[in-house]
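Enquirer: The chain contents come next:
There are 2 protein chains.
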Amino acid sequence: MNATQTQTRAPIEFWLDFASGYAYFAALEIEALAERHGRSVVWRPFTLGAAFKITGAQGLSRTPLKSEYARHDWQRLARLKGVAFKLPERHPKVGLPAIRAFYHLERKDPHAAARLAKHIITGYFRDDLDTDDPHAIARLASVLGFDHEMMLAGMIDPEIKLIARQHGEAAVARGVFGSPWIFVDGEPFWGSDRLPMVDRWLAQGAW
Amino acid sequence: MNATQTQTRAPIEFWLDFASGYAYFAALEIEALAERHGRSVVWRPFTLGAAFKITGAQGLSRTPLKSEYARHDWQRLARLKGVAFKLPERHPKVGLPAIRAFYHLERKDPHAAARLAKHIITGYFRDDLDTDDPHAIARLASVLGFDHEMMLAGMIDPEIKLIARQHGEAAVARGVFGSPWIFVDGEPFWGSDRLPMVDRWLAQGAW
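Residue numbers (our numbering), protein chains in the order written: chain A, 1 to 207; chain B, 1 to 207.
There's no promise every hint is true.
Stretch by stretch, here's where chain B covers chain A in the computed footprint (C-beta under 8 Å, at least three residues) [what the hints assert, rightly or not]: (1) 56-65; (2) 70-84; (3) 181-194.
In silico contact screen, one side only, chain B against chain A (beta carbon under 8 Å); selected entries [unchecked claim]: (4) GLY49; (5) PHE52; (6) THR55; (7) LYS66; (8) TYR69; (9) ASP130; (10) GLY205.
Think of the hints as simulated: they come from the structure by calculation, not from any bench. Using N, Cα and C, we set each Cβ at its ideal position, and we do this for glycine too.
Let the sequences and hints guide you as you build the complete structure.
Expert: In structure tokens, the structure reads:
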């Protein structure tokens, strides 16, 4: 796969709610998967809340029976994949500051924003990162080399707030109702369970 | 795998709502999967309605956004697996007569009941079998060699109705909220996406 081919193929869209356990597992694999097929990944954090208003659903972690199953399944997946997994004490969080921080940084440097997004979701599911706290997000960004004050300013910038909200609304308008959600050339795939199918779709195209 | 080993291993429980598209795909594979590990399959038809009352969810096919995605995903899965798939004109159906027919037959012959269950769900998703019509279910049973009148009588037998309802209530009490649902030695797995994990669990046991 040479650079020209990579550039001519549309990136994969990776939509994630930062409090989605299944998005965490997918986040650990999506870039290697895309790279195998000469694709890049556009990270698209959003909050599932807007979709839930339409579907009438609640988040997994707020739904009886499903919540208990998901917690069990996440631990089982973590052991299977050999990765850390620890639910934050207060879960789920909406994480608007984290989402806004991403879109703020993305305007300056998309690659840096992707790196931040991955650190946010791994921080949430390993180290109890508080995605609702702008200062916690700014500190994480600092560690990654981004200016602390610049990040804090971005999270309260009305224009950034609007952009973040518009991304979420656009997702719902395109039928996104769950996390993680992947678009490959417009084809929708819901859930970390669908990664093998995404892999196959990328390899052979539509079937 | 010899017969003795097979008998000493607990059967896999396969819970399915007859109007569940994902249960259809799992139904086509579950027996071969179990057999590879020297296990048998106990079919457990139920209606998801009781679980939905607890989780507050609706069936996939009654949920905005999810319904459109599921229809697309089922067609995509059918093409991938090379199997027929056609939604009934009136979908989803509750299918109480079909569920009752199963438990009626199971008291006489569990293997026959399993065969009936598989024919019911493939009939529903290929030939518009009306699972709400006792006569349609009895006709299908006749084709499989079971007495038409005996089947009709079973579907209106109060004791059978009770048994069918109790199975559904027991499922919810055990945390079942979706279809298909598989128990392997008590370990719960939700969804046809989980079949590869079930396969691995059977091969290596708990991890």
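Enquirer: A separate judgement is required for each hint: does it hold in the structure or not?
Expert: Results of checking the hints against the structure:
1. 56-65: It holds, with 6 qualifying residues against the three required.
2. 70-84: The restraint on the region 70-84 of chain A holds, since 5 of its residues have a Cβ under 8 Å from chain B and three suffice.
3. 181-194: Our answer is that it holds, as 5 residues pass the Cβ test (under 8 Å) against chain B, meeting three.
4. GLY49: violated (14 Å)
5. PHE52: With a closest approach of 10 Å, the PHE52 of chain B hint is violated.
6. THR55: holds (5 Å)
7. LYS66: holds (6 Å)
8. TYR69: holds (6 Å)
9. ASP130: violated (28 Å)
10. GLY205: violated (12 Å)
Violated hints, listed in ascending order, are 4, 5, 9, 10; each of the other numbered hints is respected by the structure.
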